[in-house]
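Novice: All residue numbers for the first sequence refer to my numbering, where the first residue is 1 and numbers rise by one.
Please keep in mind that the hints were generated in silico from the structure rather than gathered at the bench.
Bear in mind the structure is a predicted one, so any value in this text is a computation, not a measurement.
Think of the CB as a built atom: it goes at the ideal place given N, C-alpha and C, for glycine as much as any other residue.
Just so you know, not all the hints are guaranteed correct.
[What the hints assert, rightly or not] BS3-like cross-link-like pairs, simulated, lysine-lysine; straight-line CA separation at most 30 Å:
| id | residue 1 | residue 2 |
| --- | --- | --- |
| 1 | 134 | 70 |
| 2 | 88 | 49 |
| 3 | 68 | 134 |
| 4 | 25 | 66 |
| 5 | 98 | 49 |
| 6 | 25 | 121 |
| 7 | 34 | 88 |
| 8 | 127 | 100 |
| 9 | 100 | 70 |
| 10 | 100 | 17 |
| 11 | 25 | 98 |
[To be verified] Have a look at the derived ranges for each label pair, beta carbon to beta carbon:
| id | residue 1 | residue 2 | range |
| --- | --- | --- | --- |
| 12 | 66 | 98 | 31 to 37 Å |
| 13 | 95 | 73 | 23 to 29 Å |
| 14 | 114 | 24 | 28 to 34 Å |
| 15 | 99 | 67 | 22 to 28 Å |
| 16 | 71 | 98 | 18 to 24 Å |
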Amino acid sequence: MLRLKLTIFVLMRFTFKKEEKLKSKKLIEQLFEKGDSFTKFPLRIKFLKTDHHSENVIQASFSAPKRKFKKAVDRNKVKRLMREAYRKNKHLLTDAIKEKHIIMFTFTDENEHKYVEIEEKMIFLLKMLIDKTKN
RNA sequence: AAAGUAGACCACCUUAUUGCUUCGUGAAUUCGAAGAGGAAAGUCCGGACACCAAAGAGUAUCAUAGCGGAUAACAUCCGUCCGGUGUAAACCGAGGACAAGUGCAACAGAAAGCAAGUACAGUUAGGCUGUAGUGAAACCAGGUAAACUCUAUGAGGUGCAAUGCUACGUAUAUUGAAAUCCCGAAAGGGUAAGGACUACUCGUCUAAUUUCAAGGGGUAAGCAGCUAAAGUUAUAUAGUAAUAUAUAAUAUAGAUAAAUGAUAAGGAUUCGCUUUUGCGAAAACAGAAUCCGGCUUAUGGUCUACUUUUAAU
RNA sequence: CGGGGUGUAGCUUAGUCCGGUUAAAGUGCUGGUCUGGGGGACCAGAGAUCGGAGGUUCGAAUCCUCUCACCCCGA
Numbered sequence: 001m002l003r004l005k006l007t008i009f010v011l012m013r014f015t016f017k018k019e020e021k022l023k024s025k026k027l028i029e030q031l032f033e034k035g036d037s038f039t040k041f042p043l044r045i046k047f048l049k050t051d052h053h054s055e056n057v058i059q060a061s062f063s064a065p066k067r068k069f070k071k072a073v074d075r076n077k078v079k080r081l082m083r084e085a086y087r088k089n090k091h092l093l094t095d096a097i098k099e100k101h102i103i104m105f106t107f108t109d110e111n112e113h114k115y116v117e118i119e120e121k122m123i124f125l126l127k128m129l130i131d132k133t134k135n
């Protein structure tokens with residue numbers, strides 16, 4: 001009942017608050033050491049099933065490498081676009097996955113992409129992630 | 001009209017839907033308010049602030065350099081002299097001293113120092129004087145200080161990852177090395193080897209534990225510092241000006257794997273096509289991180305004043 | 001946020017402190033000789049406006065200022 005309520009709420013309001021953000025340095029280190037990853041150009045996803053302390057099921061984070069984007073403006077923009085795409089489509093994950101996970105998205109191309117394209121790829125990635133966690 | 005010089009201003013706007021951060025209200029997933037820059041950048045100067053015991057003296061080191069002023073301070077700004085660049089408007093200048101000492105000077109040249117000396121001319125016994133030639137510089141108190149140095153002035157060091165508090169953590173753990181004075185029963189007093197304060201010296205503090213080295217683990221969390229400030233604008237007065245004083249108005253970013261976004265519609269600007277209507281495209285440089293004053297670099301556009309050239313009157 | 005370092009032939013380095021006449025070396029490259037050919041050895045040659053732009057100086061890879069790129073360190 002509670003879960004159903006939560007799901008309805010998430011469907012109705014596409015939020016992405018501070019608490020859902022992956023911020024712990026230790027968890028991130030763990031993620032990069034042990035996490036699995038796969039790519040759908042230009043996005044790359046890295047995920048790991050761990051027992052973090054947050055109330056939310058999934059903690060997510062976004063990164064744009066400094067080598068590809070030299071200017072801080074561009075890095076910010078790419079991260080914002082990715083975050084927006086995730087925010088709108090994360091209900092796919094929260095419906096399907098029950099165990100706690102941490103996720104990191106990385107942008108792999110050097111050029112900027114339009115929002116529509118990023119959202120398309122994001123949906124594809126999230127569906128793929130769901131399949132993998134089931135197996 | 002073209003080219004140039006100087007200065008000032010702007011940095012797309014509005015609405016809707018939907019998110020993020022902070023604050024207030026509230027007790028919930030609500031309502032309201034606010035939310036990047038002229039350079040936020042480079043970190044090149046100068047401060048504020050914090051800690052280092054007190055923030056002291058000298059030396060070393062570093063910086064600055066006509067003269068006068070402004071300022072919290074500065075390598076900034078204003079005025080002015082001199083020198084240089086440019087037809088000009090205007091711009092640029094580390095612009096003190098080689099008459100204290102030391103060093104350096106390729107090639108050329110007789111000679112780049114403290115000792116020598118070429119050619120010619122004048123006078124001619126010698127010598128002296130002048131000129132020529134080489135060179136960036138040639139006998140003159142030579143050139144060179146973005147060479148050492150000297151003179152004057154200034155600067156203690158480290159930086160918000162400063163610093164304080166809370167939580168977690170057997171936590172001044174453990175191991176090794178060094179030092180561990182004198183009086184006294186004790187309390188306490190004296191001294192300062194060692195240690196601390198900084199690169200060194202002086203000076204100061206410190207005596208029952210202290211210092212140095214090795215080294216495993218935990219958290220890498222929260223709060224304060226944290227944003228109202230040498231602020232901006234207007235007027236008046238003083239001053240050539242920078243600026244100062246007075247009065248009035250205006251004041252609201254504070255994130256921390258790091259908020260300030262996405263989508264849609266309309267309008268304005270510029271460019272291209274087109275007779276117009278219209279259609280299509282573009283919109284620079286760039287993202288706060290303790291806060292201010294500058295400098296430097298990147299960069300789209302508008303306006304004003306001035307200079308030169310050409311054309312017309 | 002703060003602090004420090006490096007840019008020189010295609011590559012790896014000298015020279016920079018203390019300015020000087022034609023920027024040195026190894027390796028790689030090109031050509032030739034030795035060999036039937038290859039490898040190898042030997043001989044010869046090309047290749048740099050010293051990361052970029054200004055300044056000081058008679059003269060700058062070297063001194064000074066600004067700037068670009070890359071790298072390292074710091075609770």
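Novice: None of the hints should be skipped; say for each whether it holds.
Specialist: These are the hints, each one checked on the structure:
Between the alpha carbons of residue 134 and residue 70 the distance comes to roughly 38 Å, so the proposed pair goes past 30 Å and is violated. Taking the CA atoms of residue 88 and residue 49, the gap is about 22 Å. The hint holds against a cut of 30 Å. Of the supplied pair hints, the one linking residue 68 and residue 134 is violated, its CA atoms being roughly 34 Å apart against a limit of 30 Å. Our distance criterion of 30 Å between C-alpha atoms is met by residue 25 and residue 66, whose separation comes to about 18 Å.
Distance check on the hinted pair: residue 98 and residue 49 sit about 11 Å apart at the alpha-carbon level, within 30 Å; holds. A distance of roughly 27 Å separates the Cα atoms of residue 25 and residue 121; the hinted pair therefore holds under the 30 Å criterion. The hinted pair formed by residue 34 and residue 88 meets the criterion: a straight-line CA distance of about 28 Å does not exceed 30 Å. A C-alpha spacing of about 17 Å is found between residue 127 and residue 100, which places the hinted pair at or below 30 Å, so the restraint holds.
Simply put, residue 100 and residue 70 have alpha-carbon atoms about 34 Å apart, too far for the 30 Å limit, and the pair is violated. Between the alpha carbons of residue 100 and residue 17 the distance comes to roughly 17 Å, so the proposed pair stays at or under 30 Å and holds. Distance restraint check for residue 25 and residue 98: the Cα-Cα separation of roughly 24 Å lies within the 30 Å cut-off, and the hinted pair is therefore satisfied. For residue 66 and residue 98, the Cβ-Cβ distance of about 36 Å falls inside the hinted range of 31 to 37 Å, so the restraint holds.
For residue 95 and residue 73, the Cβ-Cβ distance of about 35 Å falls outside the hinted range of 23 to 29 Å, so the restraint is violated. For residue 114 and residue 24, the Cβ-Cβ distance of about 32 Å falls inside the hinted range of 28 to 34 Å, so the restraint holds. Look at residue 99 against residue 67: about 34 Å separates their beta carbons, and that is not inside 22 to 28 Å. As the Cβ distance of residue 71 to residue 98 is approximately 41 Å, the hint placing it in 18 to 24 Å is violated.
The earlier numbered hints that this structure contradicts are 1, 3, 9, 13, 15, 16.
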